[in-house]
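Peer 1: So the mapping is simple: my numbering equals the position in the sequence shown, first residue as 1, plus 38.
One or more hints might be untrue.
Calculated pairs, DMTMM-like style, for lysine to aspartate or glutamate (alpha carbon to alpha carbon, straight line, at most 25 Å) [unchecked claim]: (1) K88 / E104; (2) K88 / E103; (3) K53 / E82.
If you are wondering where the hints come from, they were derived from the structure by calculation, not from laboratory data.
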Amino acid sequence: MSEPRNAGVKTLGIKLPDALHAQFTLVAQLDAISLADAALRAVELYVSTKRQEPDFAARAQAALEEIEREAAARRGAIQGLFGTSEPAPESATTRNTKGRRTGAEG
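Required output: the full structure, derived from the provided sequences and hints.
Peer 2: Here it is in structure tokens:
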């Protein structure tokens, strides 16, 4: 089976106001680069700038923890479908006997 074209590459379409597009085009022409290369440089600069923000690492860590919680919940749901006896890991919230979420046992 052949490898799909553009494997590992995503296409991004954006809408720009006319004036900004004209400026962007002119700057790319002055630098003798394509609009695609100029856009790639802009995205790389944006990502680099965001990484340097003081709270970026903490926000990224929080996002990673949320992904882990969601994955654990989905894993538990799938295991439940097949009657797996392994209990899902406890989350920060637990359910009381009426099925409502509470922050503590009670």
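Peer 1: Looking back at the hints listed earlier, which ones does the structure fail to meet?
Peer 2: none
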